[in-house]
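A.B. asks: Top line first, the protein sequences correspond to chains Z and H.
Counting from 1, position 105 in the first sequence corresponds to residue 223 in the numbering used here; the numbering is continuous, with no gaps.
Counting from 1, position 191 in the second sequence corresponds to residue 182 in the numbering used here; the numbering is continuous, with no gaps.
No lab work stands behind these hints: they were computed from the structure.
Glycine residues also receive a C-beta, built at the ideal position from the N, C-alpha and C atoms.
Mixed in with the good hints there might be a few duds.
[Claimed, not checked] Simulated restraints, written as ranges between beta carbons of each label pair: (1) Z/V175 / H/G0: 47 to 53 angstroms; (2) Z/P205 / H/A94: 47 to 53 angstroms; (3) H/E45 / Z/V175: 51 to 57 angstroms; (4) Z/T153 / H/D65: 34 to 40 angstroms; (5) H/N237 / Z/D130: 54 to 60 angstroms.
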Amino acid sequence: MTVTTRALDTADWAASFTEANNADPEIQAHGKYFTCSYLLDMTDHTFVVQMSRGNVVDIAIDPGPLDVPYQFALRASADTWRNFGVPVPAPMYHGIWAASFQRDMKLEGDILVLMQNLRCLTRQIELLRTVGVPV
Amino acid sequence: MSKISPVTGHYVDVDVDGLLYKVFYLENGTGQPLVCQHTAGCHNHQWRGLLEDEEITENYRVIAYDLPRHGKSDPPENTEWWTEEYQLSADHFANFIVALCDALELENPIFMGSSFGGNIALQLALRHPDRFAGVIPVEGADYSPGFYLDWWQHPHANAAQVCASGVWDLMAPQSPETDRWKTWFYYSQGSESFRGDLHFYSVDHDLRGKLADIDGDRCPVVMLTGDYDYLTTPEDSARTAAQIPNAEFIEMKEIGHFPMSENHAVFRGYLIRALEVLQDKAGKTVTTR
Chain Z
119 MTVTTRALDT ADWAASFTEA NNADPEIQAH GKYFTCSYLL DMTDHTFVVQ
169 MSRGNVVDIA IDPGPLDVPY QFALRASADT WRNFGVPVPA PMYHGIWAAS
219 FQRDMKLEGD ILVLMQNLRC LTRQIELLRT VGVPV
Chain H
-8 MSKISPVTGH YVDVDVDGLL YKVFYLENGT GQPLVCQHTA GCHNHQWRGL
42 LEDEEITENY RVIAYDLPRH GKSDPPENTE WWTEEYQLSA DHFANFIVAL
92 CDALELENPI FMGSSFGGNI ALQLALRHPD RFAGVIPVEG ADYSPGFYLD
142 WWQHPHANAA QVCASGVWDL MAPQSPETDR WKTWFYYSQG SESFRGDLHF
192 YSVDHDLRGK LADIDGDRCP VVMLTGDYDY LTTPEDSART AAQIPNAEFI
242 EMKEIGHFPM SENHAVFRGY LIRALEVLQD KAGKTVTTR
């Protein structure tokens, strides 16, 4: 399904996402060990999110091929991410498991790190429902 | 004034396939037994809303048990179960449920289960159409591969959180947050049985090509599946029901894979409809309002 919204500016989005994460009560209550880095591949833009003890400490915007290391990647079409970035997502766009099983999302890289951080990561991706997406 | 629930808990001994179990169940209500199976890796608190639903318990004796190795039902009393890998089979699961119904001396029970409970409901309709008045498979299908994963028990990750957050997306965003978090909490308790349960759900359960053999006249089948279920989708259940004689499928909107636990208020409307359809098919006069 297609959601039509005007894409956010990438730098504004990175700032909003950082602010939402770092002020989120759940992530701050349970994110003591939420330290990792991951790639958000939204097709039209990519981001490497660097987490340290529950806080976003850096978001690299459209990094070059070898610029910024990361441990795992969440990849999907811009359309899929746009469907994530609404207050109440339609079925199969309501989480990374749903979109991986039923849509075009791919979970790649060191999946063990993803699983080790699954609780906070799940909440973090849900922040897109209020922050929106930059694609 | 203290508030004491009418729901009561009991233990019953069940002897099946050479294994002895002490089985815990919760019950409330009077009338035709409605036997309820929780989802894989969980326990009977998923049915907490139904157990206290006055309209349904007025006409049905709701019995929600903990499958052995879940909740308050221990692993077998008479084996060194810790020396073996737990892998639930369709044979043992079905035999256990019949043995439980026999132990409780249930007459004409309706069986309802969700997820792997929905799949075993289909197995019961196929294997024992004479023992059940009907079955309500919730979030069930003929075949449901893909969830028998090592991640549920991986020693390098927090298995409790992987199980609980791994099934989070199976619930609809519209379901009340408090009920979704209760379901998450239940799932943080069952990681050691979850993967073994899913051996039945995703590996041993395969009724492809066998659905037409279900005697849907003797044991009517009414299936319910939520539209936010990414694992057993409404399409999967519709495909399954279409191949079972006399079966019916009802799609549930804005709800997911744990409907009774994530949003009983929405689920109960569909359940009452399913019970009415089931009673119609069975030619009975007992109905809920």
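A.B. asks: Where does the structure disagree with the numbered hints, that is, which hint numbers, in rising order?
C.D. replies: When the structure is compared with the hints, none of them turns out to be violated.
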